[in-house]
Amino acid sequence: MSETEQIAKLSEVSWISDLMSERLSASGDTTGIPYYHFRWKKKWLADYVAWPKTNEQVSSILKYASKKKIPIVARGGGTCYYGSASPTRGGIVVDTKSMDCILDINKDEGWVRVGAGAVWEILDNELAKQGFTTPVKPQSGVASTLAGWLSIGGKAGIGTPKYGSMVDNVFEMEVVRPDGTIETVAGDEMLPFFGTVGIAGVVTSIKMKIIPVPETTEGLMFAFQDLERAIDAVNRLSKTKTPPIYLRLTDLEYEWRIQGGLPPETTGLFFVLVTYSGETAEVEESLKTARGIFEVAKGMEMQKSYYEKNWDDRFIVEMKLKLEVPTLSMQNFWIPLDHIGPIVKRMYKIASKYRINSCFYLVLGRPNKARLCVFAPSDHRNWMHFMSGKSMLHKLVKTMYRGGGELYTFGLQNTVYIKRYQKNDYKRFKEIRNKWDPDGLMNPDKLTRCNMSYTRLNLMFTMNGYFRRLQVVLRRAKNILQIPVSYQEAMSR
Amino acid sequence: MRRFFTPELDVDPDMIVKCSNCSTCRWTCTSYEEFHSEAYFAGGRLRLLRSYVEKKLPIDDSFVRAVYACSTCEQCVERCPIKVPYVRIIEDVRKKLVQEGKGPYGKLHVMGDMAFQHNNVYGEDPLKRGDWVKPDTKISDDSEWGYFVGCTASYKRPEIADATLRMLNYFGIEPQILGADEYCCCSPLIRTGQCTRPIYEELEDGDKELLGNLDVEKFILHNVEEIEKRGIEHLVFSCSGCYRTTTLDWPKYYRERYGILPFSLQHLTQFLALKIKKGELEWKSGYPERVTYHDPCHLGRHVGVFEAPREVLRSIPDMEFVEMERNRENSVCCGAGGGFKAGFGENAVNVAERRLNQALDTGATTIVSSCVFCKLNFLDAVKKRNVNIKVLNIEDLFISLMGLG
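Going down the list, the protein sequences come from chains A and B. Counted the way the numbering used here counts, the first sequence spans residues 1 to 493. Counted the way the numbering used here counts, the second sequence spans residues 494 to 898.
There may be inaccurate statements among the hints.
Mimicking DSBU-like on lysine-lysine, the simulated pairs with C-alpha atoms at most 35 Å apart in a straight line are [to be verified]: (1) 129(A) / 69(A); (2) 43(A) / 588(B); (3) 627(B) / 595(B); (4) 876(B) / 53(A); (5) 548(B) / 42(A); (6) 588(B) / 309(A); (7) 600(B) / 549(B); (8) 390(A) / 345(A); (9) 42(A) / 771(B).
Just so you know, the hints here were simulated from the structure itself, not pulled from any lab data.
Just chain A, with the same shape it has in the complex (with noise of 0.2 Å):
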């Protein structure tokens, strides 16, 4: 069928399939096996898989699906945590990743118009080949595509505290609108695509801003005793004048299930990794002013080579914490930083209650707003400690929703906690799917509609947290997973 063709039975497009193995391959994402949380899903599996090319095919698609009231999960590189590239209602799958590639590049103007299924690490080493880099890119930039990083916000990456997040560097993008109309949209009518899971149509291309490579990249690490003091030096470093591309705050168990453990000689409990990146004789500057924050701070600056390491990993770290992990919990907050103190400490508090793992690590999105990922290391074969990190998280979001704050990423699971804490965008996502998609086609029951009840759900973490809380008075609460020593020291004091 030519491209502009209406599509009459899906089995005879070349570019869609119905195998099982695509369908299954295609259902599910980091979250792990597709029917995964499958009491938040109808039907976890895809009844179709479609690999469309242009635009022209994603509208006939569409189209297809509208005219047929058929389900529509528009696909990036399913690296999302929370099942927003999982279908609930089967229906057709829509693979975007071969919308990959480069359709015009002005380097006098300094944008790219790439399609937006491109990967961000192979747009980067294309880009890189001409003397320009994205100015903004997600931690997930070795697997997740443009359109992916924009459906979940993307607000907080590499870049993102010295140029914004994602949407202050794109100019304009083509986008299929759930009836199959192709549009180019810019400025504010851009804003119903970004955080929304693809509710408001499938993007096809992205116009959006380029930099040179810039002429210097360091940075340094630097180790601390005390939660408040590092807290305190990544505050001050938010607000510099000239503001780091990269900064990060870890802990000890994370460092030490990522790296393996921690140089000799070095001590410490929480770690701040702040990188810089411009013009040589601004990065010497920058990092001056951040080695005098740090020692202010008290900080024990951090070998070099380790820093680098860590700086290396910046794509991978989440995925480093499996190395050990069988199973990772985890939730994602979008919080001021006065407020990640609290949130810290009560983690550290109930994983020390229910003699569970915890760890989290920060990065900052822009001046005084970070992202906060607060990790429950389990294996889902101990069911009680694997349901107890999951008690642990959700505690977690209701001490942040306390404290101000909102959830990071969205997706399926998270649907249920921004009905019933954040009213305003759940408001605005009804009114973004009862404008576009009036009959709930585009990825069904992500942010407008959950399945799962609040009450439920918090009834089943409460009693979980109960019986584990008994489990740990009567001596049989066993932590499955080893913790590195001084860190329990540490926690014991």
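Given chain A's structure and the hints, the job is docking chain B onto it.
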């Protein structure tokens, strides 16, 4: 450890749950680049595998195809943040599929049938295995040096075997070759999961008659015994697949019962690099062209031989040596390994064509490799897609520059 038991697949869950589905391995995957499907890269296959196992889904053709559409090039393991031993997993799954009678994919079973009947995967006459030896080259039957030729060089690319022998002769080595007593090294069989498999003959009335059981252990044992019997102490390889299998797979089958292999192993590039280091090689002429080197997956990522071939090439006078953008650990697969070429011929040529284009991007006029399969696949791509580049192996260069050809 509790295992997932299903009537059809039995996979160690610890292996599968290690994968975080982060998809970091996706864009460097040889088969993803070709098929652009989530079922056709390491992480996607593991997701698929876990789903089939846990949901007890019946194994269908699409699953078998996805499992076999992998060249086992190990780029995924190299990229993986936590180094999930993906190739080991996929080879185990293939083994299980073969045991269950669901594999191997397509016509790959012919390799097993032929190996069982003729001791080589091409079904050629085993007695003619040593026919490539030319009268002006020297072999002996009492040298401590041996040359393991392999099925492909013996039957399909005899010029490689001849060049390697001439190279050894040049250094005064008259190696022993096993001839008809050399059996397949089992690389294609192990890679495609055909480690043990009943072999049937189809009768005229449609029935099948059991001929016997293919068992790679028997092949390996036979080869080791033959080499040992002849007093060979140093075994040289021109085929990277044979070298990888002998280095990594033979010990698995042999060591547990019989101890360590009673001879040393060397790839010819290592042999040459050593000669250069010792100052025993003086090139007779130069190669005034721009040359790039393609790392065979089996020699590079699998065994870790990256520098020896480069040392050889850099020592050649007048040669301008350039690296491709992706080299050494990050090298791209040529598409010939892991049964990919045998099962997905046209796709394998597409993969080779892409790699040749990467070589052309460097401005190179010659691409050199050190693997029989890479050369075979590259030559196919040159022929079928008219890619304008010379394809050579290191031994080809050696005999041409030393005036031995």
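Now for the hints, and whether the structure bears them out:
no., hint, in the structure
1, 129(A) / 69(A), "violated (45 Å)"
2, 43(A) / 588(B), "holds (33 Å)"
3, 627(B) / 595(B), "violated (43 Å)"
4, 876(B) / 53(A), "holds (29 Å)"
5, 548(B) / 42(A), "holds (17 Å)"
6, 588(B) / 309(A), "violated (38 Å)"
7, 600(B) / 549(B), "holds (27 Å)"
8, 390(A) / 345(A), "holds (17 Å)"
9, 42(A) / 771(B), "violated (70 Å)"
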